[in-house]
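One-letter residues, chain by chain:
There are 4 protein chains.
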Amino acid sequence: MYNLLTEMINKRKFVAVIGGGECSKEEAELAEAVGRKLAKQGAILVCGGLGGVMEAACKGASAEGGITIGILPGDNRQAANPYVQIPIVTGMGYARNVVVVKSAQAAIAIGGSYGTLSEISHALQSDIPVIGLNTWVLSKNAQQDNSIIPAQNPADAVDKALNLASR
Amino acid sequence: MYNLLTEMINKRKFVAVIGGGECSKEEAELAEAVGRKLAKQGAILVCGGLGGVMEAACKGASAEGGITIGILPGDNRQAANPYVQIPIVTGMGYARNVVVVKSAQAAIAIGGSYGTLSEISHALQSDIPVIGLNTWVLSKNAQQDNSIIPAQNPADAVDKALNLASR
Amino acid sequence: MYNLLTEMINKRKFVAVIGGGECSKEEAELAEAVGRKLAKQGAILVCGGLGGVMEAACKGASAEGGITIGILPGDNRQAANPYVQIPIVTGMGYARNVVVVKSAQAAIAIGGSYGTLSEISHALQSDIPVIGLNTWVLSKNAQQDNSIIPAQNPADAVDKALNLASR
Amino acid sequence: MYNLLTEMINKRKFVAVIGGGECSKEEAELAEAVGRKLAKQGAILVCGGLGGVMEAACKGASAEGGITIGILPGDNRQAANPYVQIPIVTGMGYARNVVVVKSAQAAIAIGGSYGTLSEISHALQSDIPVIGLNTWVLSKNAQQDNSIIPAQNPADAVDKALNLASR
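Protein chains in written order, with the working numbering: chain Y, 5 to 171; chain G, 5 to 171; chain D, 5 to 171; chain V, 5 to 171.
There's no promise every hint is true.
Just so you know, same-sequence chains aren't split out, so a pair can sit in one copy or run between any two.
Quick list of in silico lysine-lysine cross-link-like pairs, DSS-like style, CA-CA up to 25 Å [to be verified]:
#1 Lys29 <-> Lys144
#2 Lys15 <-> Lys44
#3 Lys29 <-> Lys44
#4 Lys15 <-> Lys63
#5 Lys63 <-> Lys17
#6 Lys17 <-> Lys164
Hints are computed from structural coordinates only; laboratory data are not their basis. Just so we're clear, the structure is a prediction, and the values are computed from it rather than from any experiment.
Excised from the complex, chain Y in its bound form:
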């Protein structure tokens, strides 16, 4: 049994779901659907481990038996939402945002505020593809930056993330 478990984990893709620690009902539904679909596809979910979009995504993934990793900003593993199976305790505050995206091969951004924007930025800086659902739109010098790849819906977001998952 245990060997089976090990095998099941190996070779899976890691996808970050990033978004606000508080979120709208609509965003939570999107996140939960993304989590479900990621788990069904066998991907491992990485997130910041807290509430809102992070919790909804972990809830969805857990419902389908997926593995969920929460990279926590604080010192206390108990701060993880109840659907985080693997809490990583950084004690590094917002600097943990860097670790969330670097630990993934693609990221799906859902809504979100400036913390999410920092994760999007760190991902793009590290050449990690970012798929967006109702999230930030970037422009510079009056031209839109198209680095955030738009998705139509949760299933589309997961498909794009898994196709683009790097390395």
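Go by the hints and put chains G, D and V onto chain Y.
Frame of chain Y; chains G, D and V shown alone:
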């Protein structure tokens, strides 16, 4: 003399200048003018310590006798541009972006790519005012986010940064 | 099956194995035995993800079907040893040592150099119990500090770690 | 005047003083004397920015007109002791210990608990010389490790630190 120096440093405002490690000639000119003006106003310049906008700003500040702090991503203090007087060596890669903005009471963004965007995001997340010169424009849900305060020119950017410098 | 997997992960204890990236044959044997025993007891292994003691411990754990987490210092998930199932990519260099111990409820130190000593220190600073196998001995003011709990052998180390695993 | 200031800062050596946030009266006296002597020799003092040994060292350095840098663990620059002139705000908790020593070319350890030991370890790991005053003694495999260079008194500690200051 030394006591005078100590007194001169105390009570100054700390302002971050953020922007690309490579930049256009125009951006370098803006950054150098910002650095000059910050030094003339007695502010201490904080930046990421490398080239491009960071170096131009430090060059400007140094020319006016200002103090320059470079928060370096790598392990080597020699990587600082020649105008950094106080190199802080983090060895933390892009996570040092968080430290650059948190160590300032206001930030001036000039041009920049995704690293700069991450610094803008971390600043806004930490309620540190951000003044923009030819930099990113943010929008969400088809509405522009006006958190980045636009400046007309370097002098205007410095005035706004010093007026808004928090805590 | 997947739900079973989720359940299998939940409620397990997290134990860090810390030690040198290069190590003696004896240390590697100790580490592998510790990894095996941790997996048999159902604990999740946390380590720095690289070679030496870390790799030997992951090898032992994997052989028994255990779950292994590697908190990597660099930017590249490929740098993980082949027995790491869950690579966490920090890009933060030695600052990741803090994350290795904070993510565990107890730590087992095997041999090791100054990096290991920093992990021992961070663990003790965070009230995470440290069990020692042939590792550092600390003293201050001519008195030995007994915070590192000595173990007789790998099985003893694992027993002590699991008994003391906090929170 | 300002140009003079810039020149005064350039080319100085950076020395970390590490020790407990709480300390004995004797340790505080050692730290203050170390701070004074560092300032007299023109060195820039780097520390963790808080109380105890850190504050005493900054107090001594300030009394002689020296420059003091405090690398703070939290999010608030106001947490710096009153003798810190240049607060660096990391928000990274104990991971800031890495930055304290990496930003220095030599470190002087005075007393201290596990946090100080982590700084000693990170310094030694990064080949930064450590001078000790009444601090930790390390041994491994029944042999004392002599990497911490003992000093007889504050003046001796500063002399050794400045002689060994690397890079």
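Hints, one by one, checked against the model:
Only between protomers do Lys29 and Lys144 lie at most 25 Å apart by alpha-carbon distance; the minimum there is 17 Å, versus 31 Å within a single protomer. Proximity of Lys15 and Lys44 under a CA criterion of 25 Å is satisfied in both settings, with 15 Å inside one chain copy and 23 Å between copies. Taking the closest pair of Cα atoms, Lys29 and Lys44 come within 25 Å of each other only inside a single copy of the chain (23 Å); across copies the shortest separation is 42 Å, beyond that limit. In this assembly of identical chains, Lys15 and Lys63 lie within 25 Å of each other by CA distance both inside one copy and across copies; the values are 23 Å within and 16 Å between.
Proximity of Lys63 and Lys17 under a CA criterion of 25 Å is satisfied in both settings, with 19 Å inside one chain copy and 21 Å between copies. Taking the closest pair of Cα atoms, Lys17 and Lys164 come within 25 Å of each other only inside a single copy of the chain (13 Å); across copies the shortest separation is 35 Å, beyond that limit.
Violation of the numbered hints given earlier is absent; every hint is satisfied by the structure.
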